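Trainee: Which chain is which? The protein sequence lines are A and B, in order. The letter at position 137 of the first sequence is residue 155 when you use the numbering used here, and the numbering goes up by one with no holes. The letter at position 52 of the second sequence is residue 94 when you use the numbering used here, and the numbering goes up by one with no holes.
Among the hints, a few may not be true.
Which residues of chain B face chain A? A few of them, derived with a C-beta cut under 8 Å, are [what the hints assert, rightly or not]:
#1 70
#2 88
#3 121
Quick list of the computed label-pair ranges, beta carbon to beta carbon [stated by the list, open to error]:
#4 A:118 with B:82: 30 to 36 Å
#5 B:142 with A:74: 39 to 45 Å
#6 B:142 with A:64: 48 to 54 Å
The hints are simulated quantities; they were obtained by calculation from the structure and are not laboratory data. Quick caveat, the model's predicted, so the values are computed rather than measured. Glycine residues also receive a C-beta, built at the ideal position from the N, C-alpha and C atoms.
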Amino acid sequence: MTTMTATTTQVYRVFIRATPEMIWDAITKPDFSEQYFHGVRLELRDGRRRSTLADGRSWDEAVLEEDPPRRLVHEWSAGYDPELAAEEPSRVTWEIEPRENGVSMLTVVHDRLEGAPKTAEAVSGEGWTFVLSTLKTFLETGTALA
Amino acid sequence: MPGVTDDRVFKALADPTRRHLLDRLFERDGRSLVQLEADLEMTRFGVMKHLRVLEDAGLVVTRRSGREKLHFLNPVPIRLIHDRWIDKYTEQRVAALADLKNRLEEKTG
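Here chain B stands alone, though its shape is the one from the complex (with noise of 0.2 Å):
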């Protein structure tokens, strides 16, 4: 079971359009289909494919409110591979090699 949720996870991140659904939910949270598929160049049958992806592999989490259906990022199942390969020892070495990352290109760019 947790090898076939993990499958889900990679398989429904290793797509743009997945990934692009996921930063907008980050950005704000509780969106509606309608919301979802407003900037994609795709069909409404195709962007509900791709979150049911999603939903599948537990990344989106859907409520009903009133008579829409909104989705919500849940970012669980990405903290569960976090915590798999990176000890607490270690996140503070990643952390600063990501901050200096993020420093050093905030800079560049």
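Chain A with its partners taken away, still in its complex shape (with noise of 0.2 Å):
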């Protein structure tokens, strides 16, 4: 594969079939999160978005829009990663909007990256892609990928 410069903003898309419900609280509570996304336990809790890893390592992200079961907006900064961690935050923003035949469109927005070059490069491809086609998996058949 050729290399690529991670550009500043990323968009994904992914259509579900589950309601907009279903999806806020794939990407808000611990129990369905850790299902899909690399083991990590989401919350939101006071204006905030901890995140928690499988060994206990936690930390937290401002959430600047919260407008359930349609648009969350948080800081991300790469907790799981010291190197990354270290860059600037950038910004995560998840859209829900139901379709017709009980499918869901769930778009997320990762931008504001300037300052995190390194963050860029490693939710781009497969970062993003992966976490958004394993919660497709998990919500439409309860099981997560091996």
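Since each chain comes alone in its own frame, lean on the hints to assemble the complex.
Mentor: Encoded structure:
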């Protein structure tokens, strides 16, 4: 694969056979998130988004907008990796829109990555793509990919 | 619905101009129509038509930025097709072969 410069705004979209409420729960509740988000337990609490790893390490990000079950905007810092975590925080926007036949459209925009080039590289390609395809499988079949 | 989506993805990819547009977005994401049509010998209308097919397949997502409409490459539909036929066990062997192919081609090319 040729090398690319990861851009400072990245956009990902997936159609999931699930209600917006189910998708909202999946991205904000720890028992769901650990099934598809690399085992990370995610929760929203007091205007913060807390991520907890299986080994107990955790970190917080500021929640910038919270409009269940349609829109969640929060800062992003890669607390799982000290080198990436040292970069400036970026921003992640989750947009959930109901479509016909019980299908919802989930769009993830990861932007403000100007001060976080290594993070931009790490989340592009395999990063978000893996999380979103696993989230779809989890919600549609109830199981995560092995 | 999943079958319909797959059909759209394969149809969208079965055209050299549309693959070229995806390659350009892969090199640099978030481009406007004007930037994308720059090196294509095609009318603006033609490029727009191709971009609409890519958008309908979910391979391109557009966002407004001020007065501009920017086009972003969305690799998720390709990942879903990949997941359907390639499991984690097979992936390692496929990756090893792809690696070998790349190294051999680098040597000869």
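Trainee: Next step is simple, just say for each hint if it's right about the structure.
Mentor: Status of each hint after checking the structure:
Annotation: interface hint on residue 70 (chain B) holds; nearest CB of chain A at approximately 7 Å, less than 8 Å. Using the Cβ-Cβ criterion of 8 Å, the hint placing residue 88 (chain B) at the interface with chain A is not satisfied: the shortest such distance is roughly 24 Å. Residue-level restraint check for residue 121 (chain B) holds (minimum Cβ-Cβ distance to chain A is 5 Å; threshold 8 Å). Hint check: residue 118 (chain A) to residue 82 (chain B), Cβ distance near 34 Å, so the stated range 30 to 36 Å holds.
Taken as a hint, the range 39 to 45 Å holds for the pair residue 142 (chain B) and residue 74 (chain A), whose Cβ atoms sit roughly 40 Å apart. Taken as a hint, the range 48 to 54 Å holds for the pair residue 142 (chain B) and residue 64 (chain A), whose Cβ atoms sit roughly 52 Å apart.
When the structure is compared with the earlier hints, a violation turns up for hint 2 alone.
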